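Using the sequences provided together with the hints, build the complete structure.
In order, the protein sequence lines correspond to chains X and S. Residue numbering for the first sequence follows the numbering used here, beginning at 1 and increasing consecutively. Residue numbering for the second sequence follows the numbering used here, beginning at 1 and increasing consecutively.
Note that these hints are calculated values from the structure, not bench results. Just so you know, these numbers come straight off a predicted model, no measurement behind them. Ideal placement from N, C-alpha and C gives every residue a C-beta, glycine not left out. One or more hints might be untrue.
Capping the alpha-carbon separation at 20 Å, the derived lysine-lysine pairs in PhoX-like fashion look like this [said to hold, decoys possible]:
1) Lys-413/X x Lys-182/S
2) Lys-247/X x Lys-165/S
3) Lys-24/S x Lys-285/X
4) Lys-243/X x Lys-24/S
Some chain X residues close to chain S (C-beta under 8 Å, calculated; not the full set) [as the list claims (entries may be wrong)]:
5) His-228
6) Arg-238
7) Glu-242
8) Ser-246
9) Ser-248
10) Glu-257
11) Asn-260
12) Ile-262
13) Gln-263
14) Asp-308
15) Phe-309
16) Lys-347
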Amino acid sequence: MKLNNKILLCNLILSVGIFLLTAIGMYYLVNDTVYDELDNHLLQHKTDIVNQVTADPASLNQIQRLGGLGSYEWVEISRYEGLIEAKVNNFATLDTMRSASEMTPKAYRQLTTTLSANDTTYTLKIYEEVAAWQNISMTILISVLAGLLIWILLLYLVNQMVFSLLLMPFYDTVDTLETILDPTDFNERFPQSTTYEIDVLNRALNTMMNQIRSSFEDQKKFIQNASHELLTPLSIIRQKAEKILSKSDQLDRQTVETANDIQQTAVRLSRLSNALLLITRVENKQYELDEEVSITAVTQDVLNELRDFISLKNLSLETDFNKEISVKGNRELLHSAIYNILQNAVKFSPEKSVISIATHEDSGSFNLSVTDQGPGIPDELKESLFDRFKKGNGQINALGQNNGTGLGLSLVKSICKLHGFGYHAINTNGSGAEITLHF
Amino acid sequence: MRALIIEDEPLLNEELEEQLLEEKFNVDSAETFREAEKLISGDEYDLVLLDLGLPDGNGLDLLRMIKKYYEDTVVLILTARGEVEDKVKGLELGSDDYLAKPFAMTELRARIHAVLRRRFKINENEILAGKLHLNLNHLEVTYDGRSLELTETEYKILRYLVLNKNRTITRIALAEHIWGSKIDDRFSLDFINSHMKNLRKKLGEAGATDLIETVYGVGYKLEVHETQQ
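Encoded structure:
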């Protein structure tokens, strides 16, 4: 859930809660006030009547006959028949009654007191209808609450606008973060903001992005320079060793073998260096990707280059190039990628086995898959097959030697990433591995 | 023939000079762009070995200069920059071949041989090594008048050995020559053995039993004695 929605929802729930509490509170408060007012009114009447009767006992009958005091009030006077001796004039009880008679269909408030006139004690009851008061007060209550409710709704709508406006820079940052695929590709800066927290966030992100970028670039530059600078000294080592070897007939066997090892290691190191250089250049995007490349033609070229090995290992090729695939990219790099995949397939294939190469279309994407009958991908490598310098621990290939520099498939990965192609490797059911490229 | 070596690494420069002297070249060498510039403007060379990464300038500018004044000079680019654009650019500017460091001296010799032949339009397409005749344009090889049926790879191996006769060829240099430097050597070296076995068998059938000598643990050598010529 988005932050602004959360805040809005919290706000709304709180407002409605407070509204309900207020409503209940106000209901009781209003009722209380109405009753207080009524009681005051009744007591006032009582005092008036007592005063009037005390001043002129004859008016008692008149009041009795008249019965009412106003449209919502009336008076009942009867002879007191209570057993307890009345404390004349000094007390009153107040009660709320409902529908005492047909005359009073609604709730009313009743004041009961005793009254003595002409040495007789009377019971005086004064009634006042509640409804009239209550109607007015309820109307006021409801309109106040309705006003509050409208206020809450308006506040919700206004808040929605205000929050989205206030949080806009925050959401801009979040959106930008969501679109970053590769920190090295990200060249925008997070903007300054007038909101303190967002400003801190953006500045921190900018600093971190810069650090990631520059350390990544330093690393790439280092690899590129190191590889490049290594090649000339390696060249010298190689040629010096070669010079020793050219006079092998004058040397003892151990010296010759040592010189040979030096030479081979120099060559191997230079290949490693070249492979690193190539990967770095691919990752630095130093290649144009605007050639129209036929994947089938490139694959055919690679197969020609590897023909010697295929025939010497007595491998059979099953090629299915029914689907012509043509992509935009760099021919040299795609050649390299396919070369590495096919070289691996040839390398790991046992003698007289079959390598299948097929192009096919699968739900809109074009695929090239290479399947061999070799030992397949070892379990511990499945996750990291395309990573740099990963190779099976003690994995021995058919030739009894450890395999390669461990950079071949990582080069494939870099090239595919540069072109935006997919790649994956699985073990086939029988034995062997299948590597597929998705164009 | 006159050769100029432009290479900023003194040890490598020395090594190249030694090799070219063995090939009977008159050799000048330069370690900087300025030195090279001076030498080029003074003399015409038949062969220039040019390193592109010089400390004080771009080798490609030297290439431009050489090709401007002396169209016939053969230029072989040596570079530690394994970059395709450089290679393409160099060839566009008129270089005759391109070797990425580190290369085998035997490879350099074979390349020099090939480019000089091409440049000076040497009509004699055959090279001789004793009784062995090797046609450089076709897959034609004869020994003592008998022709041999060789595969392309076998032909390449034999040609490389002939061009570097009386020298030890390491297996790694041979593998590189045939399959390029992309192939994994731990994997390709064994294939050299198979090819060599087949080649020897074919040579043996033609009567050249011991033409190719195995240098144990290192590689091969095609021994041609002066007396045989």
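* Of the hints given before, which are not true for this structure? -> 3, 12
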